Amino acid sequence: MISDSPKIGLFIPCYVDQFYPQVGVASLELLEKLGCKVSYPMGQTCCGQPLANSGYERDTAGATRHFIELFKDFDYVVAPSGSCVLHVKEHVPAIPGLENEQAKLHHKVFELTEFITDVLKVEKIEGKFPHRVGFHSSCHGQRGLRLSSSSELNQNPFNKAKKLLENLEGLEWVELSRTDECCGFGGTFSVTEEALSVRMGKDRLEDHAQHQTEILTGGDMSCIMHLQGIATRNKQPLKFLHIAEILNQAIS
Amino acid sequence: MSHPENASEFLKDQAQAKWHDETLWFVRDKRDRISKTIPEWEDLRNLASQIKDNVLANLGPYLEQFEENAKKNGVQIHWAKDGEEHNRIVLDILKRHDCQAIVKSKSILTEECHLNPFLEKNGIDVVDTDLGERIVQLLHQPPSHIVLPAIHLKKGEISELFHEKLHTEKGNEDPAYLTQAARLHLREKFLGAKVALTGVNFGIAETGEFVVCTNEGNADMGVHLADVHVACMGIEKILPRRKDLGIFLRLLARSATGQPVTNYNSHFRSPAPGRELHIILVDNGRTAQLAREKFKNSLKCIRCGACMNTCPIYRRSGGFSYGSTVPGPIGSILSPGLDMKKHSTLPFASTLCGSCSDVCPVKINIHEQLYEWRQEITKAHGELGKGLSMWIAAGIFKSPLAYKISGSLMRKALKTLPDSLIYHPMNAWGKSRDLPEAPKESFQQWYQKNRS
Numbered sequence: 010m011i012s013d014s015p016k017i018g019l020f021i022p023c024y025v026d027q028f029y030p031q032v033g034v035a036s037l038e039l040l041e042k043l044g045c046k047v048s049y050p051m052g053q054t055c056c057g058q059p060l061a062n063s064g065y066e067r068d069t070a071g072a073t074r075h076f077i078e079l080f081k082d083f084d085y086v087v088a089p090s091g092s093c094v095l096h097v098k099e100h101v102p103a104i105p106g107l108e109n110e111q112a113k114l115h116h117k118v119f120e121l122t123e124f125i126t127d128v129l130k131v132e133k134i135e136g137k138f139p140h141r142v143g144f145h146s147s148c149h150g151q152r153g154l155r156l157s158s159s160s161e162l163n164q165n166p167f168n169k170a171k172k173l174l175e176n177l178e179g180l181e182w183v184e185l186s187r188t189d190e191c192c193g194f195g196g197t198f199s200v201t202e203e204a205l206s207v208r209m210g211k212d213r214l215e216d217h218a219q220h221q222t223e224i225l226t227g228g229d230m231s232c233i234m235h236l237q238g239i240a241t242r243n244k245q246p247l248k249f250l251h252i253a254e255i256l257n258q259a260i261s
Numbered sequence: 013m014s015h016p017e018n019a020s021e022f023l024k025d026q027a028q029a030k031w032h033d034e035t036l037w038f039v040r041d042k043r044d045r046i047s048k049t050i051p052e053w054e055d056l057r058n059l060a061s062q063i064k065d066n067v068l069a070n071l072g073p074y075l076e077q078f079e080e081n082a083k084k085n086g087v088q089i090h091w092a093k094d095g096e097e098h099n100r101i102v103l104d105i106l107k108r109h110d111c112q113a114i115v116k117s118k119s120i121l122t123e124e125c126h127l128n129p130f131l132e133k134n135g136i137d138v139v140d141t142d143l144g145e146r147i148v149q150l151l152h153q154p155p156s157h158i159v160l161p162a163i164h165l166k167k168g169e170i171s172e173l174f175h176e177k178l179h180t181e182k183g184n185e186d187p188a189y190l191t192q193a194a195r196l197h198l199r200e201k202f203l204g205a206k207v208a209l210t211g212v213n214f215g216i217a218e219t220g221e222f223v224v225c226t227n228e229g230n231a232d233m234g235v236h237l238a239d240v241h242v243a244c245m246g247i248e249k250i251l252p253r254r255k256d257l258g259i260f261l262r263l264l265a266r267s268a269t270g271q272p273v274t275n276y277n278s279h280f281r282s283p284a285p286g287r288e289l290h291i292i293l294v295d296n297g298r299t300a301q302l303a304r305e306k307f308k309n310s311l312k313c314i315r316c317g318a319c320m321n322t323c324p325i326y327r328r329s330g331g332f333s334y335g336s337t338v339p340g341p342i343g344s345i346l347s348p349g350l351d352m353k354k355h356s357t358l359p360f361a362s363t364l365c366g367s368c369s370d371v372c373p374v375k376i377n378i379h380e381q382l383y384e385w386r387q388e389i390t391k392a393h394g395e396l397g398k399g400l401s402m403w404i405a406a407g408i409f410k411s412p413l414a415y416k417i418s419g420s421l422m423r424k425a426l427k428t429l430p431d432s433l434i435y436h437p438m439n440a441w442g443k444s445r446d447l448p449e450a451p452k453e454s455f456q457q458w459y460q461k462n463r464s
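As they're listed, the protein sequences go chains F and U.
Count the first sequence with our numbering and you get residues 10 to 261, in order.
Count the second sequence with our numbering and you get residues 13 to 464, in order.
Facing chain F, according to a computed beta carbon distance under 10 Å, are these residues of chain U, among others:
no., residue
1, Asp33
2, Arg328
3, Ser362
4, Lys452
5, Gln460
With a straight-line cut-off of 30 Å between C-alpha atoms, the simulated DSBU-like cross-links for lysine-lysine are:
no., chain 1, residue 1, chain 2, residue 2
6, U, Lys42, F, Lys172
7, U, Lys177, U, Lys166
8, F, Lys113, F, Lys130
9, U, Lys167, F, Lys211
10, F, Lys244, U, Lys443
11, F, Lys244, U, Lys24
12, F, Lys113, F, Lys46
Bear in mind the hints are in silico, worked out from the structure with no lab data behind them.
What you are looking at is a predicted structure, and each value in this text was computed from that prediction instead of being measured.
For glycine and all other residues, C-beta sits at the position ideal for the given N, C-alpha and C.
Modelling step: build the complete structure from the supplied sequences, incorporating the hints.
Written out as C-alpha cells, the structure is:
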C-alpha cells in the first residue's frame with residue numbers, strides 16, 4: 010500500500026466513458042477498496058490514439074497538450090486500458106513548453122492491473138468469483154507494456170492480470186490453444202481491413218468456445234467491444250466483462 | 013489492388029483461409045518450441061541484433077574488406093546499383109560463356125530484381141531448383157512466402173500440376189512420389205547447366221567467403237556441376253567475422269522452420285581450378301533505406317520468414333495479398349522504401365500487435381516501423397494523390413462508433429478533418445458486428461452526479 014495517500018488521477022478512455030461507464034465505475038471503486046485516493050479530472054477527451062495509429066500523430070498535439078494539462082499534477086495516472094496507456098506513453102508528439110511535465114508524466118501513467126501489482130504491490134486479491142474465465146491478452150498491453158510474457162519470447166511466464174484473478178475462490182482459468190493471438194480489433198484496422206478483422210475475432214472466439222469459456226475478460230474494452238460485437242451478432246452465449254468489473258465484484 | 017481488397021478476396025474461400033492459417037501457425041509453433049530448448053535464445057537474439065547494428069554502421073568499410081578478400085580468393089566481384097544493372101551483369105556473364113540454360117537456387121534478391129523474366133526475354137532457359145520455387149515457376153506465379161514459396165498450394169494442386177508438366181500419375185498425391193518425380197526432372201536440368209546461380213545468406217568480411225543455406229542441397233548440386241557460379245548478394249548480407257556464423261546459423265533455421273539447423277550450410281571461398289566464381293553485390297534501394305534513420309534497421313533482416321508465420325494478417329490473407337516480393341510484416345516496412353505509392357496500404361495491413369518484433373531473430377522493431385511508415389505515408393499524401401489518406405481518414409470515421417463518440421468527445425482531436433469524412437455514411441463496423449448498447453449516461457455524467 011502506498012503511504013501518504015498519493016493523488017491518483019483516473020484516466021477513462023473515451024469509448025469507455027461513452028459505452029462502458031460501468032468499467033469506469035468499477036475501476037474507481039476497486040482502487041478505492043484497495044485504499045487509494047482517486048479522482049477523475051473532468052473534461053477528458055480522446056487521447057488521440059485512433060488518429061496516431063492511422064498516420065496522423067502530428068495532428069494529436071491538441072489532445073496531447075490537453076491530456077498533460079489535466080494530469081500533470083497527479084502522482085499517478087491510472088487507466089483501465091493498456092492500449093490508451095501505451096499511446097500516451099509512446100506515441101504522442103512532443104509538446105513545446107511542456108517538455109518537463111511530459112517527461113515526468115511518462116513514468117506516472119499505469120494500466121490498472123500493473124498499477125495494482127507493481128505500484129500498490131498487491132500480491133493477491135481475496136474474494137470469490139465462481140466462474141470459468143477466459144482472458145484476452147490485448148497486444149498493446151502485453152507486448153507494448155509487457156503486462157504478461159509473450160509466447161514468442163524465451164522468458165519465464167508471467168501475467169499480471171492472472172496474478173490478480175487466480176486467487177479468487179472458485180475462479181477457473183481457461184487455457185487457450187493460442188494464448189496471445191491478436192483479436193483483430195486494431196483500432197482503424199477494424200474498419201479499413203474489415204474482413205480480416207472479423208475473421209481474426211471469430212477465430213479468437215472459437216478458441217474460447219472450444220475451451221468452454223463462460224466469461225471472457227481482458228484489460229481493454231476495445232478488444233472486448235470487437236469480440237462482443239461479433240459474438241452478439243452470431244448469438245454466441247458468451248459473457249464479457251472488463252477485469253476491473255470482475256475484481257470489483259469479487260473483492261471481499 | 014489494395015491489401016484490404018486482396019485480403020477480402022482471399023478470405024472468401026474460408027476453408028482454404030483456415031487451412032493456410034493453421035499450416036503457418038504449425039510452423040510458428042514449431043519455432044516456439046525449439047527456441048525454448050535453447051536457454052540462451054534471447055542472448056543469441058541480442059548478439060545477432062548488435063552484430064547487425066555494427067554491420068550497418070560500418071557497411072562501407074566491411075564491403076570493401078569483403079571485396080578485397082574475395083578477390084584474393086580468386087572471386088570476380090561486380091557491383092550493381094539496382095535490379096536492372098544486376099540483371100545485365102548476369103546476362104553478360106551468360107553471354108560470355110555462350111550459356112542458354114541456367115539453374116538457380118533460391119534467391120529472393122533475384123525475385124526482387126525480376127531476373128527470371130529478364131533472362132527469359134533474352135532467350136535463356138531459367139530453372140528454379142528449390143522444389144517450392146520450381147512448383148510456383150511451373151505455375152507462372154511468384155513465391156508467396158520467402159522460405160516456403162509454395163505454401164499457398166495444397167498437395168492436390170501440386171499433383172495436378174505435376175501430372176500436366178512432368179507426366180506423373182493422375183491423382184497420385186503422395187508427397188514422396190511427387191518429390192521423386194521433381195528430383196528426376198531437376199537432375200536433367202542440373203546436368204545440362206553450364207552456369208549455376210545462387211543467393212547468399214551470409215558474406216564474411218574478414219575472409220571474403222560466403223554461405224548459402226538450403227534444405228534440399230540444390231545450391232550445391234547446381235554449383236558443383238557447373239563451370240560458373242554466380243552468387244547474387246544484397247549488400248546488407250555482410251557479417252564481420254567467420255565466428256559470427258555460430259550465432260546466425262543457430263537462429264536462422266530455428267526461426268524459419270523450427271529445425272535445429274538448415275540441412276545444407278554450404279561455405280564458398282574460391283573457384284575450383286578452371287572454373288569461375290562471381291559475386292554480384294546489389295544495392296537496389298538498400299543505401300537509400302540505410303539513410304532513413306527510422307527504417308534503416310529493417311536491413312538487419314536475415315530472411316527467415318518468422319514474422320510471416322507469426323503474423324495473424326499474413327496467415328489469413330496469404331503472401332500474394334501484399335503485392336510485393338517480400339510479403340508479410342518485414343515486406344511491409346521494406347517495400348514502401350522502394351515504392352511508397354505502390355505499397356502505401358501495406359503498413360496499414362497490421363493491428364500493430366507486435367508479434368513480428370518479438371519473433372524476429374535480429375530484433376527488428378517491425379511493428380514500430382509500421383507505425384512510423386503510416387506517419388510518412390499520410391505526410392506524402394499530396395504526392396500519392398488524395399486517395400489513400402482519404403481512405404484512411406474515412407476508415408476512422410465511417411464507423412458509427414467513432415461517429416457517436418465524435419459528437420461530444422473527439423472534436424478536439426479531429427478538428428483538422430472535414431465533416432464530410434466524419435459523417436461518412438458507410439458502416440464497415442456493423443457489417444458483421446453489433447455495436448455496444450448505448451448506456452443511459454456516460455461515466456463523466458455518473459461521476460458528476462455521484463462524486464462531485
